[in-house]
Structures are given as structure tokens and as C-alpha cells.
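With the hints as your guide, set chain B with the ligands onto chain A.
So the chains spell out like this:
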Amino acid sequence: MSSNVTPTSKPVKTTGLHVGDAGPGCRKVDPILIADSVKRTFGGLTAVDVEHVEVPRGAITALIGPNGAGKTTFFNLLTGFDKPDEGKWEFDGRSLAHVPAYRVARMGLIRTFQLTKALGLLTVLDNMKLGAKGQSGENLFRSLLPFIWRKQEDEIDAKAVELLGRFKLDTKKDDYAASLSGGQRKLLEMARALMSDPTLVMLDEPMAGVNPALTQSLLDHILNLKSQGMTVLFVEHDMHMVRHIADWVLVMAEGKIVAEGDPHTVMEDPAVIDAYLGAHHDADLGATDTEHVEVLKELIDDEQ
Amino acid sequence: MIDWLAIFSNAAQEVISPTTAAYALAALGLAIHFGYTGLLNFGQAGFIALGAYGYAISILSFGFPVWAAVLVAVGASVIFALILGIPTLRLRADYLAIVTIAAAEILRLIFTTNTFDALTGSASGLQGYKDGFAALNPIPPGSYGFGPFTYNAFDWWIRIVGWTLVVIFAVITWLIMRSPWGRVIKGIREDEDAVRALGKNVYSYKMQSLILGGVYGTIAGMIFIMPRAVVPANYQTSLTFFVYAILLLGGAATILGPVIGSMIFWVLISFFSGFVARAVEAGWLPFMSQVQAGQLRFILVGVAIMLIVVFMPQGIFGNKKELAFVK
Ligand SMILES: Nc1ncnc2c1ncn2[C@@H]1O[C@H](COP(=O)(O)OP(=O)(O)OP(=O)(O)O)[C@@H](O)[C@H]1O
Ligand SMILES: [Mg+2]
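Those protein sequences? They're chains A and B, same order as listed.
With the first letter of the first sequence counted as 1, position 287 gets the number 287 in my numbering; the numbers rise by one all the way through.
One rule links them: number in my numbering = place in the second sequence (from 1) + 304.
Derived by calculation from the structure, the hints in this document are not laboratory data.
Check the hints yourself; a few may be wrong.
Claimed, not checked - Below, a list of computed lysine-lysine pairs in the DSSO-like style, where the Cα atoms sit at most 30 Å apart: (1) A:K173 - B:K624; (2) B:K624 - A:K168; (3) A:K28 - A:K10; (4) A:K172 - B:K624; (5) A:K172 - A:K151.
For clarity, every value in this text was computed on a predicted model and none was experimentally measured.
Bound conformation, chain A alone:
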């Protein structure tokens, strides 16, 4: 499992992100994303009900929580892929309410999907190139005149190849994305997201299904994003990974942010234990509960 990964180097953690006491909804020194009373219900089920949350700029923030906590739904709401019943949220000081998904992306907030969306019958390279923004050849009339966009296309090409190299996908560049393995698709999706030089990258379970050898390099990529000045918000179930790279952790349960803080202190928060064991605290420990206990052990486990 990816949990056995030993960090090659100890990443530099960003600290001093919050103002006052760390707790659910606490203020950040420099928030890039702020959500206020964002609520989404599906019939009778409240999937997301976030009172207030701020994501710190220039840091790596992890969003954790048990299955069905509402993490993916929250991602969808923030990025315009789903509409909340109520609430407002802003990115970089600009309101995102009623902004369609493609505009959110153009503002510099790029997300990936939990269920990977590789464009199967496009080559890996074309998948990458699609990620670049401001392409003049994407206009129907200009597309007819290759000399207008040829130069930009070559630049995009070079950038795509360089990124693919970093993600160890360069040998696959002329293959259909459909021929990639599940883990390779995760890598492709992440690399593709980076083609647009986003300011905030939101990754929904980027490591799921990626083999341990690659996990380490993926972690390095994420840390790299931070050193390049990007902000990262990612959903992850692997606590070792969270502890290893996250500067800040948001804990979600039943649609609410129940705890937040730096990775070490948040793990000691009783609300987190509650979040993972939930209502069936005293009930039989079924298969899923043993998994949760496992997660808790990882949580409480001190970092070496």
C-alpha cells in the first residue's frame, strides 16, 4: 500500500496560516477561497452544509472525512459543476456564485475528478494540449488559418511534453488515453490540469489507484506545485500522505466542517474521531468500521 512510502526528503511545512484559534471555520491570514453557508441537499439528504470555511493561499490543504461526508459534492459546488441550494463563495476575492464551470476554470481554479475523466479517443498529448488556456486556434474562424496558431501550438506542445516527462507519461504521448491504466489516467488528469498554470488546484483523491513508486513522485509533484506558488486543495483517504504533505487539514463529516488545523493537532481533535466512527460509536465494528479504526490508528500514529 501507498502507506509504506518513506519520504525521500522532509517537506517544508507552511505554518502560521490561521488567525486566532484553529477550529472549524477559523480565519486565515490570506485566504484564497472562502465559502459561506453553502448548502446542498439531495431530496431529504443534506450532502453539504458548510457554515464558513477558508482555504489558505500558497499552502497545501487536505480535505479529509469518511465516505459520503460530502467532499466531492463540496468540490462540485465550489467549481460550478453543481449548484447549491444557498450560500456564497468566492475565489481570489471574486464571487463564484452562478459562475459556470468553464469560467471558474478560466479564473485559475482547476479541479480533477474522483472518477477519472481521461478523453479516451484523444491521444495522451492531445489530452494535455486541451488543458492549455487562451488558445487562439480554438476559435472556429481562426482554426481555419493554421499560420495564426501554429507558433502557439508548438509552445503548448513543448510544454505538454515537458509535463508528461515529469509524470513519466512521455513514452505514451501518442497513444490513446483509453489505453492507459487507471493510475496512469490519474497522472494524466493531474498533468492536464497543470497545463493551464492554475492558481488553485483541487484534486479529488489524486493518489487512489496509483502505485507506491509513483505515489512518491506524485507527492513530490504536489509539493512542487506549492513551491511554484500554487495553492493545492486535495481530498485524500491516506492519512500518511496527508500528514506528510499537508500544511492544513479540513475535516468534513456529514456535510459539515467539524475540525481543522495543522496535520498534527487536528489528528488529536476528538471531533475527528467522532467523524470517523460517527453515530455507530458503540455498535458492532463492521468491515467499514475496522477500516475506520485503521484510519484512526494512522491519525494518532506519531510522525517519525
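Just chain B with the ligands now, kept in the frame of chain A:
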């Protein structure tokens, strides 16, 4: 005895017939919709009808010159695409299919009904709109060509214009599909949410695709009416299915597919109907009347479509490699 020479020469003529050109162009439009963008347009017959009626009505009722009549038809087709696309392109793909098939039928019924007889000629249709187009013909009167391909000046004029248009639009399609615009379009076919997440206005691209492919159909409609009259019965849903048959035969996401597909389709149709009609005449098929023989070709088309989809789903020019990944 069966006159094989007549059957073969009739079939050979279809290779360059204006009808073949019209179907090729209409299929090229569908390739943009279905093959490249993944839009299920089942109303291509409607776009073709708009070309036919838009052109004929402009000339007959309003006395427009050729260029203005062409603009009217293309304009009508753009408006039709907008009406179809605005409500449906945000929804799932199958909604567009339902709406387009219904809208094309509505158009045909409007053209058929007696209410607008003064404009549309209702069920008997329109004719007498060819003078303007014929006047543009630079070929001096006379008969040209060799063997089965001997035509008068006007017939050559239709063929030259028709096939020139096919070539021009095939080149345009080739250019746009290898450009970044085409990359977005193909991305939408694969997964529109992924493309949206990369900052592309998917709705706008789908609309552009619908309009563009529809305009191809409309121009095809204008070529289609040059060798014949405008009759509403020609624009039934079966027309759309014939165009789909051509597209699937040639290869859905290809440029040459629709063109060569149309040639093969019409040569085969002509061959089969010529053969069956003469076979009935010669008493080879005693269980069949002439009328039944006329219908048989459509049955054969249906069987052929099924065989293609089952045994050669990528079409003649389609990429076999792609097939490995089609779910
Ligand atoms: N489209 C939908 N319709 C109905 N219910 C939904 C829908 N999407 C999500 N839900 C419900 O909302 C809740 C939150 O789901 P969500 O996918 O956000 O969880 P998650 O935190 O991402 O879980 P996981 O870690 O398993 O990915 C779940 O109870 C789910 O059943
Ligand atoms: Mg999820």
C-alpha cells in the same frame, strides 16, 4: 434478357451525380455533429429541407438573385439550429435526438400543409427556380462527355458546382478538425465535463458544431433540388437515416468517409434497383410485382446498415484502433 450494360452504366453514373454530392455533403455535416462532437442530430432532413425550400421560395416568391437565395437558406438553417440547440444542448445527448427528429418532421409538415400553399406549393411542391442558377453556367450549350457520362451543359454545371462544394467543405472540415478547435470538439465527444473543467465553453462549441453541420445539410439541400423539383415527401425522416447509413458506411469521424460512402451507397442502390426491376421484368422473380421491386431496395439498405454496424462499426475509413476502446 437482362441488359447488364444499362444496369452498370446507370450505376456508374451515380458516382458523380449531383444527388450523390448532396448526400455526401449532408453526411459530412452529420460527421461534424455525430462523428466529431457526439451530437445525435436526427433532423438532418430538416436542414436539407430548409436549403431546398429556402432557396426555391426566395427565388419564386421574392424574386431574389441566386446569392441572396443561398443566404436566406443558410440564415434559416442557422436560426433552426439555434432553436433546436438553445433548449437542448445543456441537456443529455438523447434529448437533442428527440427534439431534432420532431422538429424536422414539423418543418416537413409545414411545407406540406395547404395553409401555406402560395409559398410552398403544399404537397405538389415547387419548380421553376433553376433559371438563375442556369444563367450562371459558363459552359456553352451542347452535349459533353463520353460513354455513360454524357450530359448537357446544365447537367455538367450542376455536377461541377455540387462536387466543387463537396471538395471545399471537405477541406474546411479537415482543416478545422486538425486544429485546436477540433481538439475541443473531439474532447466534448469523449467527456464534456472534463472539457468544461479545462475552461472551455462546451455549450458554445456544441452550438457552433450544430450550426456548422446544419449549414452543410442546407447547402446539400440546394444541390439536391437542382436535378429535380422540390417535393416535401423527399424530406422525410428516412432521408436522415439514409444519410446516417452513408456516414456509418464511410466512417463517422472521417472526412473521406461521407464522400466515398455516398458514392458507394448510390452506386449500390442504383445497381440493386436496376437489377431487381429488370429481373422482375424478365420474369426471374415471379413472386414480385414492379411496385414491390421498387421497395426492395430500401429493405436492402436497412439490411446493409445492420451489417455495417455489426461487422464494420468503424466504417471504411474509420480507425480500427479506436474500435478497441469503444464500450
Ligand atoms: N447526485 C446525487 N444524488 C443524490 N445523492 C447524492 C448525489 N451526489 C452525492 N450524493 C450523496 O451525498 C453524500 C455525499 O457524497 P460525496 O460524493 O460528496 O461524498 P465524498 O465525501 O466524496 O465520499 P467519498 O470519500 O466516498 O468519495 C452521499 O451521501 C451521497 O450519497
Ligand atoms: Mg468523493
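| Checking against the hints above, which ones are violated? | Violated hints: none at all, because every hint is consistent with the structure.
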